[in-house]
Amino acid sequence: MIPIRYNLRSLMVRRGTSMMTASVVALVVMILFILSGFVAGLRSTVLSSAVSNNWIILSRGVTNEGGSYISRDQYEIIKSRTQIASSPDGEALVSPEVVTGFNPAPDEPPSKVIFSLLRGMYPVGYLVHREMKVESGRWPAHGAAEMAVGRKLASRFHNLAVGSDFKFGRRTFKIVGIFSDHDSARESEVVTDLDVLTQDIHMSSGFQVLHVVLRPGLQDDFAQSLTTDARIKVDTMPEQQFYAQQTGFVEQLHRMGLVVALILAIGSIFGAMNTMYSAVARRTNEIGVLRVLGFSRFNVLTSFVMESILLAFAGGVLGEVLGIVVAYATGLHSQLLNVSSFIFRFQLTAGAFVSGLIAAIMIGGLGGLLPAWRASRVRVMDSLRAI
Amino acid sequence: MFKWLKLIFRNMRRNLRRTALTMMTIALATFVYTVLVSVPASMDRIEKDASGTLRLFINNKTAPWEDLPARYCDQINKMPGAAACVAMTGWFSTWRNVSEPIFGAAVGPEISDVFPDYRMTHEDQQSIMKDRRSAIVGNVLMKKMGWKVGDHLTLRGTDTPHMQMEFIIVGTMENKRYPNTFLIRRDYLMETRKANGLPDEDIAWNIIVRADSASDLQPLAKGIDEHFTNSDYETRTMTESDALASGLSQLGNIRGIVFALCAVVVLTVLLIAANSTAMMVRDRLSEVAIMRTLGFGRGSIAILLFGECGIIGLVGGAIGAFIALWLLKGGITLGAALGGNGALWVTPEQAFNAWFVAIAVSIVSGLVPIIEALRISPAMAFRKVV
Chain A
1 MIPIRYNLRS LMVRRGTSMM TASVVALVVM ILFILSGFVA GLRSTVLSSA VSNNWIILSR
61 GVTNEGGSYI SRDQYEIIKS RTQIASSPDG EALVSPEVVT GFNPAPDEPP SKVIFSLLRG
121 MYPVGYLVHR EMKVESGRWP AHGAAEMAVG RKLASRFHNL AVGSDFKFGR RTFKIVGIFS
181 DHDSARESEV VTDLDVLTQD IHMSSGFQVL HVVLRPGLQD DFAQSLTTDA RIKVDTMPEQ
241 QFYAQQTGFV EQLHRMGLVV ALILAIGSIF GAMNTMYSAV ARRTNEIGVL RVLGFSRFNV
301 LTSFVMESIL LAFAGGVLGE VLGIVVAYAT GLHSQLLNVS SFIFRFQLTA GAFVSGLIAA
361 IMIGGLGGLL PAWRASRVRV MDSLRAI
Chain B
1001 MFKWLKLIFR NMRRNLRRTA LTMMTIALAT FVYTVLVSVP ASMDRIEKDA SGTLRLFINN
1061 KTAPWEDLPA RYCDQINKMP GAAACVAMTG WFSTWRNVSE PIFGAAVGPE ISDVFPDYRM
1121 THEDQQSIMK DRRSAIVGNV LMKKMGWKVG DHLTLRGTDT PHMQMEFIIV GTMENKRYPN
1181 TFLIRRDYLM ETRKANGLPD EDIAWNIIVR ADSASDLQPL AKGIDEHFTN SDYETRTMTE
1241 SDALASGLSQ LGNIRGIVFA LCAVVVLTVL LIAANSTAMM VRDRLSEVAI MRTLGFGRGS
1301 IAILLFGECG IIGLVGGAIG AFIALWLLKG GITLGAALGG NGALWVTPEQ AFNAWFVAIA
1361 VSIVSGLVPI IEALRISPAM AFRKVV
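Chains A and B, in that order, give the protein sequences.
For the first sequence, the working numbering assigns the number 1 to the initial residue and increments by one for each residue that follows.
For the second sequence, the working numbering assigns the number 1001 to the initial residue and increments by one for each residue that follows.
Here chain A stands alone, though its shape is the one from the complex (with noise of 0.2 Å):
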């Protein structure tokens, strides 16, 4: 085998052309990587939502709370099923819950405003949604007309600090807390008392959905007993399995990113082409003498392809510390980023730094074989003859 240093010096030799190439890789795996780290962290934000031994009951069929519909008779069987966890009180961990749009900032001309939801609960939902914490102040009282804040609404507008009031439907609220949820999507939205909310949203006979909370080993049997009973027709399903449902558009988005980047990619293959063309056509006579060693044509692909490799590698390298420094730079770490209702933080992911090498390594890979297989069909004789 050549020896990997002989491609380091020829590299080296060419530097500016070296330089240029492994910069283009750069901006494709920086593409890629910030790409990566921007769906991660909107995936997660939907993922984190759902709290183990936890299950979401929506009316049969469909697919999003605002859909559905429960009664208030179905929510009253459901909640006596012996499956369900209760607190410490005794209470059963059942969750009737009602959502609806909110504007989190009224006065605010309409194309700057991000929608949100607010939640109608009761205070048995703060048990079953354990992960939800109260960062300051306090969760809604019961029957009055208070809201708590998630942590990241929260830090976006300001109007709704704890102890400001807020002028939702005909009501006047007062924001008496702000919550986090483990990074959820859940900090992007507002909670109130359900009672108080369903007045104001014209729907008093029911709720939309019900969260519960199984006891441990019994979600089948539960499953099973909802299925098989006549009077409610429900679908449930463990949160976990229904956020994930949630996460489509997050991969909509990650398919129209990709698309761009492979189009770049099939560039920078072409960019690296003309490269290592270059760079085997200059060493023609390089490539004779090596010839003459005793290397074999196989050697001879095999370094150039790794040359070719090595380039784009040190590119994807470069890519990664820079799609870093980017993300730091132009704040996409500590901002916050929206899209829809969802706001989310950037995040960094093992899977980003690995994909973004390999592609490095494909782009290489491609670019290189071509160039490398007309390297090893040079003919000794005609190659020595140029010296």
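Think of the hints as simulated: they come from the structure by calculation, not from any bench.
Relax, there's no trap hidden among the hints.
Below 27 Å or equal to it, Euclidean Cα-Cα: the simulated DSSO-like pairs (lysine-lysine) are:
no., chain 1, residue 1, chain 2, residue 2
1, B, K1148, B, K1130
2, A, K167, B, K1222
3, B, K1194, A, K233
4, B, K1048, B, K1143
5, B, K1222, B, K1048
6, A, K79, A, K133
Since the structure of chain A is already known, use the hints to place chain B on it.
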């Protein structure tokens, strides 16, 4: 001039593979750039197109997705400055499966007075009146689903109680603001709701009013909101372009992301092109020296080398921009993200701009290597180890 062109073409053919690879890179990048630039441009155009209309959109003040009573139209019609009023009730549904969402906008016959600019034909209006199952479909949605006028379809509601409704497509609508519209009769929707056990309330999702003149818009908007203050359903009235802007802003930081991506695309292609120009110039260094010795001025050689870069950009850019224009001039829907309003269009001007950027980028890419080559004296160039 002609003599230069001939020389440039000769030069370009000398390393055909490099020329072709560079051109293809530029074509790819121009394609991506054209499409990306169209995203914010399409958003802007949707808003701007609507800024000249005389329409007001009325929503529930609590939140835009809360209902309003459709009977508000009766009172609004009596207000000074109001020309026509229509109540719209939405219906989320899917066609054959859940991945084919259709948003039905149910309206009354007043729609043609509120939207006279859509020029609904007399025949279309007649056929709508004849059959309550009639639907008029926006051109982009029509194309996406592969429908044609006369098709019968059954849609299924996404919300409980999943009511099914049958429709006949009686007409299509060419417009850029609501190209995904699925316009249906409101009385049909309301009857079906009642038959499926939903509360028998004459609810509207929003109400759209056309003013008599532009000077009536603001007073009318204010008048409507004041009129319904302290009622069970308070209103929030805004102009059509504000309403659309509000919908588009829900997309989040899309605009910034797109601009950042565009910048990266331009930078990437600049580097690739600069690299290949640098290689080209290095190959020609001794040749440049010979020409200089023969008496060619720096200017002439610059024309020759820059001309080559320019033509590569010209051809590559034309390919990329043309393909983008050809694929997307009809518009594609951006899906549910835009609430059914948005579509992505590539216009000839955008394609032309992108083409111009491609040419500029490939000429700029030659700046450093070419100027460097020209500054070397012929004697040095001969001596330079190539």
